[in-house]
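So the chains spell out like this:
Protein chains: 2
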Amino acid sequence: MDPRNTTGDHRNTPAALNRQSDEMGVPSRLMNTADLGLPVDVPSTALFTDQYELTMLQAALAAGTAERRSVFEVFTRRLPEGRRYGVVAGTGRVLDAVENFRFDADVLGFLREHAIVDEPTLEWLASYRFGGDIWGYPEGEVYFPGSPILRVEGSFAECVLLETVILSILNHDSAIAAAASRMASAAGGRPLMEMGARRTHELAAVAAARAAYVGGFTTTSDLAAGFRYGIPTVGTSAHAFTLLHDRERDAFQAQVNSLGRGTTLLVDTYDVAEAVRMAVEVAGPELGAVRIDSGDLLLVAYRVRQQLDELGARDTRIIVTSDLDEYAIASLAAAPVDAYGVGTQLVTGSGHPTCSMVYKLVARAESADPKAPLEPVAKRSTGGKTSIGGRKWAARRLDERGVAEAEVIGTGAVPVALADRQLLVELVKGGQVLTREPLDVVRDRHAASRANLPLSATQLSRGEPVIPTEYI
Amino acid sequence: MDPRNTTGDHRNTPAALNRQSDEMGVPSRLMNTADLGLPVDVPSTALFTDQYELTMLQAALAAGTAERRSVFEVFTRRLPEGRRYGVVAGTGRVLDAVENFRFDADVLGFLREHAIVDEPTLEWLASYRFGGDIWGYPEGEVYFPGSPILRVEGSFAECVLLETVILSILNHDSAIAAAASRMASAAGGRPLMEMGARRTHELAAVAAARAAYVGGFTTTSDLAAGFRYGIPTVGTSAHAFTLLHDRERDAFQAQVNSLGRGTTLLVDTYDVAEAVRMAVEVAGPELGAVRIDSGDLLLVAYRVRQQLDELGARDTRIIVTSDLDEYAIASLAAAPVDAYGVGTQLVTGSGHPTCSMVYKLVARAESADPKAPLEPVAKRSTGGKTSIGGRKWAARRLDERGVAEAEVIGTGAVPVALADRQLLVELVKGGQVLTREPLDVVRDRHAASRANLPLSATQLSRGEPVIPTEYI
Numbered sequence: 001m002d003p004r005n006t007t008g009d010h011r012n013t014p015a016a017l018n019r020q021s022d023e024m025g026v027p028s029r030l031m032n033t034a035d036l037g038l039p040v041d042v043p044s045t046a047l048f049t050d051q052y053e054l055t056m057l058q059a060a061l062a063a064g065t066a067e068r069r070s071v072f073e074v075f076t077r078r079l080p081e082g083r084r085y086g087v088v089a090g091t092g093r094v095l096d097a098v099e100n101f102r103f104d105a106d107v108l109g110f111l112r113e114h115a116i117v118d119e120p121t122l123e124w125l126a127s128y129r130f131g132g133d134i135w136g137y138p139e140g141e142v143y144f145p146g147s148p149i150l151r152v153e154g155s156f157a158e159c160v161l162l163e164t165v166i167l168s169i170l171n172h173d174s175a176i177a178a179a180a181s182r183m184a185s186a187a188g189g190r191p192l193m194e195m196g197a198r199r200t201h202e203l204a205a206v207a208a209a210r211a212a213y214v215g216g217f218t219t220t221s222d223l224a225a226g227f228r229y230g231i232p233t234v235g236t237s238a239h240a241f242t243l244l245h246d247r248e249r250d251a252f253q254a255q256v257n258s259l260g261r262g263t264t265l266l267v268d269t270y271d272v273a274e275a276v277r278m279a280v281e282v283a284g285p286e287l288g289a290v291r292i293d294s295g296d297l298l299l300v301a302y303r304v305r306q307q308l309d310e311l312g313a314r315d316t317r318i319i320v321t322s323d324l325d326e327y328a329i330a331s332l333a334a335a336p337v338d339a340y341g342v343g344t345q346l347v348t349g350s351g352h353p354t355c356s357m358v359y360k361l362v363a364r365a366e367s368a369d370p371k372a373p374l375e376p377v378a379k380r381s382t383g384g385k386t387s388i389g390g391r392k393w394a395a396r397r398l399d400e401r402g403v404a405e406a407e408v409i410g411t412g413a414v415p416v417a418l419a420d421r422q423l424l425v426e427l428v429k430g431g432q433v434l435t436r437e438p439l440d441v442v443r444d445r446h447a448a449s450r451a452n453l454p455l456s457a458t459q460l461s462r463g464e465p466v467i468p469t470e471y472i
Numbered sequence: 001m002d003p004r005n006t007t008g009d010h011r012n013t014p015a016a017l018n019r020q021s022d023e024m025g026v027p028s029r030l031m032n033t034a035d036l037g038l039p040v041d042v043p044s045t046a047l048f049t050d051q052y053e054l055t056m057l058q059a060a061l062a063a064g065t066a067e068r069r070s071v072f073e074v075f076t077r078r079l080p081e082g083r084r085y086g087v088v089a090g091t092g093r094v095l096d097a098v099e100n101f102r103f104d105a106d107v108l109g110f111l112r113e114h115a116i117v118d119e120p121t122l123e124w125l126a127s128y129r130f131g132g133d134i135w136g137y138p139e140g141e142v143y144f145p146g147s148p149i150l151r152v153e154g155s156f157a158e159c160v161l162l163e164t165v166i167l168s169i170l171n172h173d174s175a176i177a178a179a180a181s182r183m184a185s186a187a188g189g190r191p192l193m194e195m196g197a198r199r200t201h202e203l204a205a206v207a208a209a210r211a212a213y214v215g216g217f218t219t220t221s222d223l224a225a226g227f228r229y230g231i232p233t234v235g236t237s238a239h240a241f242t243l244l245h246d247r248e249r250d251a252f253q254a255q256v257n258s259l260g261r262g263t264t265l266l267v268d269t270y271d272v273a274e275a276v277r278m279a280v281e282v283a284g285p286e287l288g289a290v291r292i293d294s295g296d297l298l299l300v301a302y303r304v305r306q307q308l309d310e311l312g313a314r315d316t317r318i319i320v321t322s323d324l325d326e327y328a329i330a331s332l333a334a335a336p337v338d339a340y341g342v343g344t345q346l347v348t349g350s351g352h353p354t355c356s357m358v359y360k361l362v363a364r365a366e367s368a369d370p371k372a373p374l375e376p377v378a379k380r381s382t383g384g385k386t387s388i389g390g391r392k393w394a395a396r397r398l399d400e401r402g403v404a405e406a407e408v409i410g411t412g413a414v415p416v417a418l419a420d421r422q423l424l425v426e427l428v429k430g431g432q433v434l435t436r437e438p439l440d441v442v443r444d445r446h447a448a449s450r451a452n453l454p455l456s457a458t459q460l461s462r463g464e465p466v467i468p469t470e471y472i
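Chains as they are written, first to last, in full-length UniProt numbering: chain P, 1 to 472; chain E, 1 to 472.
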């Protein structure tokens, strides 16, 4: 793994590329080199935590069991209905959250004031820093039911506290990345613009833009995502800009005057054909693009392409942005569309806004002694929600052509044939984050991981996981 | 409106109530009086913004149209499929966001470095403070298709910038509050605990807990929501705590020793009947509650109630927490269940994780002159997404029994008969936030507003909006 930056935070990487991208979403970027105090930096993540993590800690401290060496694993029992694969996203954010998980005076004051835990627990929390180990699927990797996506090892006390925030991040970000990945498959090579900020919580939107980029999106409309993660940002105008002006022509002229002929003009405020004619008249055939945000996109795109060509604007591109999902994108594959803007369906996971990842104690020793044997543990009641105990490894077995054929998970020794196909990598050792990756590395990994699945992985229709999970 | 606190932020209100609630979710709280720098305070909201808001600003500044007096309105064209009413939530957070919407040196540096807007625009942004007026439905109020939920008035420039962050907040928070409201109806008077933090983005979770409280939930598991908004927090233990210990009995004993007999023991790690027997043996009949997190909840609740009664633990309550939604809650109405914990389905809006609220320019003058007439404007192309121009009022007409019978919306003079039924209240005047409400006021308003709808509003089955929207 690239040792630089697991968070996808480009702020400290050398400015190298011109990030001022064109409006189509083809990224070419200048990294933000300033170490800015940004609107989504979170000073402490310690309260993004369900209360029961703290009350369990208190009871375990009192009982003398808090320091038992423990192994927790994150996994899902199933993929969302009909989905062929999952996408691990948010790992970089998890590492940020673990590093920033500490109880300062304000937080301790709150816990004390509300008597959420007792004084010995508050004392313990005051010096809390995670000191254990974390292994996980590298971010961007695909996953399947049972895949041990993250493994957290240390004392029960230090590991149990991290459950809520780790699940929040992975469940949200992976849901968005999975939807993005399907949309990227559907779009073929055409650029995808993330435009969903207004459809989700303002900070979830920033994480969603990051996850969408991991899944294959090209750009985002969300300035905070550009600021925080260096994702290329795009955007020109909305219907309000046309309505502000006395005539559509005045609006187009104002936009071209200010943003240049390469801009994207929105042509569906009044009559599309008239707007396209006027757009080319105002900007000339150098007009960058037109955007269509309503109507029968397939039909309108054909008409607009024909009209643009007839007007000599053969290089003017067509961007469509109206309530798209992966199915609508796929249905436009044959249409003369140059880029897609996606909002609602992306940031809500295209029907699956969360994953069902859980964080389970799978093994623990009887003491803190590193030599004490780890005993597998698991819930066993009859009502479902059972899981497999024991500290797990995972490997992806390939067929003779090198295509993935099974997700193999085990608790014993790793078979020799799978030794170099193991999926878990070490992310944190003794509390120290080992790896930092630029987001482009993560994005490329996802594309490679998806490309290594059987072809049916990218079918949009509902189906079973594209490879089976085998336990050995 | 109560003038104190629209954000629901209780930090500055007098400590008055004992907030250390019991574990069932019955709130009785001690307000947090410390003015803490908390993990969800956001120093600037200016980048939670789609890039096109800024490029439109730049083009309008250059064209001399930026200062035209403008009216933007937030509304939805429809409710989510099958829903009977919507719930306005997030208004208090919108007021926070507007107050904190400013471009500091870091943000301006980012915009300059990436050439997102030109220098004159950066200069304009450097002194940006919203100076206009905002009217809106009071938070907690119900809404219907077309309801002008929020109206933002000022110059085009100052208003257009707020679009993205206002929609992010209202679309997210209202979606959660609507789901919460349905669950609260289904639960009757039984307490509802919000436990969804792990299923959504870690900061969306805090807003979700707030919206759930508005919709009728009683408590939250999310400590950050307790910290930020003073919502009562709850939680005791998970399966991991049982699995940590050598025997289930040891875990129960440890928990009771530390948290007291009034605690809630989780009884479905191994055999439920055996666990219930042991729980009462360890804690005695004073055991506060048992929690069931898997299995056929209806059946198991009956069996556990019978067993508890036979063991003399008649006051020990039963909490159920397994993948509940409003339908599952309703199906347990006759079961001996004392409280519900809801996670995934709450924080994902029970099938509708976002609303479809839009922020549209509905009227503008030809200049900044307050006397220049406002001209209604609206998109008119044939592809759908049309809206009604003009600055609107809204009123809820009642029938002879005082029950809501229509949402009446107009652009002209308000009919005398509806004058005292108007819904919009002034929230911001000349850039100054006028009203601050405690979250309990908002929560009570929602309950009253829902209670004033026709009875069929609380039917869970799919249907049309419970009252029609009339335009006059």
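Just to be clear, a hint being listed does not mean it is correct.
It does not matter which identical chain is meant; a pair holds if it fits inside one copy or across any two.
As the list claims (entries may be wrong) - Straight-line distance between alpha carbons at most 25 Å, and here's what the computed SDA-like set of lysine to any residue pairs gives: (1) K371 x P415; (2) K371 x K429; (3) K371 x T344; (4) K429 x D323; (5) K371 x D246; (6) K429 x A115.
Honestly, the hints are just simulated from the structure, not real lab data.
Hint check:
Proximity of K371 and P415 under a CA criterion of 25 Å is satisfied intra-copy only: 24 Å inside one chain copy versus 81 Å between copies. In this homomeric assembly, K371 and K429 come within 25 Å of each other (Cα to Cα) only inside a single copy, at 18 Å, whereas the closest approach across copies is 67 Å. Within a single copy, K371 and T344 get their C-alpha atoms no closer than 51 Å, and across copies no closer than 39 Å, so neither meets the 25 Å cut-off. For a Cα distance limit of 25 Å, the shortest separation of K429 from D323 qualifies neither inside one copy, at 44 Å, nor across copies, at 35 Å.
For the homomeric pair K371 and D246, the shortest alpha-carbon distance between copies (18 Å) is at most 25 Å, but the shortest distance inside one copy (79 Å) is not. In this assembly of identical chains, the alpha carbons of K429 and A115 never lie at most 25 Å apart, being 33 Å within a copy and 40 Å across copies at closest.
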